[in-house]
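Participant: Here is what each chain is made of, one letter per residue.
2 protein chains.
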Amino acid sequence: VSHLTAEPPQAVVDLLGLLAYAELLAFDRMATDATLAPDLARRAVLSEMAGAEIAHYQRLAARIAELGADPEQAVAPFRAALDDFHDQTQPNDWLEALTKAYVGDSIADDFVREVAQSASDARLEPADRALVLDVLHDSRYADYAAAEIQQALAAEPEAGNRLSMWARRLVGEALSQAQRVAAERPSLVELLTSGADADVPALFHRLTAAHTARMSAVGLNN
Amino acid sequence: VSHLTAEPPQAVVDLLGLLAYAELLAFDRMATDATLAPDLARRAVLSEMAGAEIAHYQRLAARIAELGADPEQAVAPFRAALDDFHDQTQPNDWLEALTKAYVGDSIADDFVREVAQSASDARLEPADRALVLDVLHDSRYADYAAAEIQQALAAEPEAGNRLSMWARRLVGEALSQAQRVAAERPSLVELLTSGADADVPALFHRLTAAHTARMSAVGLNN
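Chains A and B are the protein sequences, given in the same order. Reminder that position 107 of the first sequence reads as 121 in the numbering used here, one-by-one numbering, no gaps. Reminder that position 117 of the second sequence reads as 131 in the numbering used here, one-by-one numbering, no gaps.
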């Protein structure tokens, strides 16, 4: 079904707009965070992670335009929440930057994956579902960040408390901004709950369990 | 001939190191400059330009390591000059950012192309020559920047003087830092003059002529 002549489906445009701005902003913030790296090899890895976001942004923006919507307008409702998230979570050093990439990107990816998988076909057509799943972060970046954090904590165990607190702050801030987005864009909530077996409490349980497992995996406390 | 067991060839390591740091820093600065864009589509293009630099950095660093040198040490002699160039030429707005990308990247590319083409095979083996030519900027970015500058000047002709002055400052600052590098790394000068038909005055004439043509093409005065 082509949407070219019909009204663009608001929930899908919202979802793609949210992801598009998240990618563009992640590029910008990770590019800045990369300068916190202790050496050029590490700086290049975070810069490369940042660069990957841009290709994703371009694909999302192209699809938004294809659906007959304006990318600039599609991202507008999400700018304040995402800007605020990043303003409230500016890393002070390399380990905080890595932890932000590891914890933040992973939980965001989990959430997006759940939305894409639980939305009904009527609300999210297969091509858009595939696009959304395709712009998730490459897992090798999370693996890299996890290995770096583990290694740093092995060398400096006393950093564990500080990073655990930092991770909790990241999650708290993300949840706070997610609630704001949900309140402002009920279409996104409808998308999430449109599937036959939508179970929001179970979803949050899965997200939390996966987050806790990731924290433990690198030696951080939830 | 493999360099793996021999002493790494200093001039080649210098050239690759210079280019590597230039790419890493260009990523960082263009990523920052992208936030000056008046809209997200333009911001994404400059971010994409920035992202392209990182893949180039990774290739150069990999080759430096393959030659038996340490990428971190290889870039060290060039950091101050390149940092200073960017510190002295921070764009104040979107048009200055575009002009910097257009004028600066093009003249740097011309210079690198001349070095790669004029160095003798004995000094720069074909694989390294090919790598150096391959990490030049994609010409579609210069085309994009040129079209944007032309369009902006058509809408706002009075910006021409300011941008012309800005371009002259960019070139002057680049030349000043290039002289500093040449004085500190004679190996690079030797590389440039190692070819059978090395003619440095003719080289500078070609670089200047190409720069002047680029300026005229977008309506700027040299």
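A couple of the hints might just be wrong.
As the list claims (entries may be wrong) - Some chain B residues judged to face chain A by a derived CB distance under 10 Å, without partners named: (1) Leu38; (2) Met44; (3) Thr46; (4) Asp53; (5) Arg57; (6) Val59; (7) Ala64; (8) Glu67; (9) Ile68; (10) Leu81; (11) Gly82; (12) Glu86; (13) Pro200; (14) Glu204; (15) Thr207.
To be verified - A short, non-exhaustive set of chain B residues, derived as facing chain A with CB atoms under 10 Å: (16) Leu54; (17) Ala58; (18) Glu62.
Keep in mind the hints are simulated off the structure, nothing from the lab. As the structure is a computational prediction, the values presented were derived from the model and not from experiment. By construction, the Cβ of each residue, glycine as well, lies at the ideal position given by its N, Cα and C atoms.
Participant: Against which earlier hints does the structure fall short, listed by number upward?
Facilitator: Violated: hints 10, 11, 13, 14, 15.
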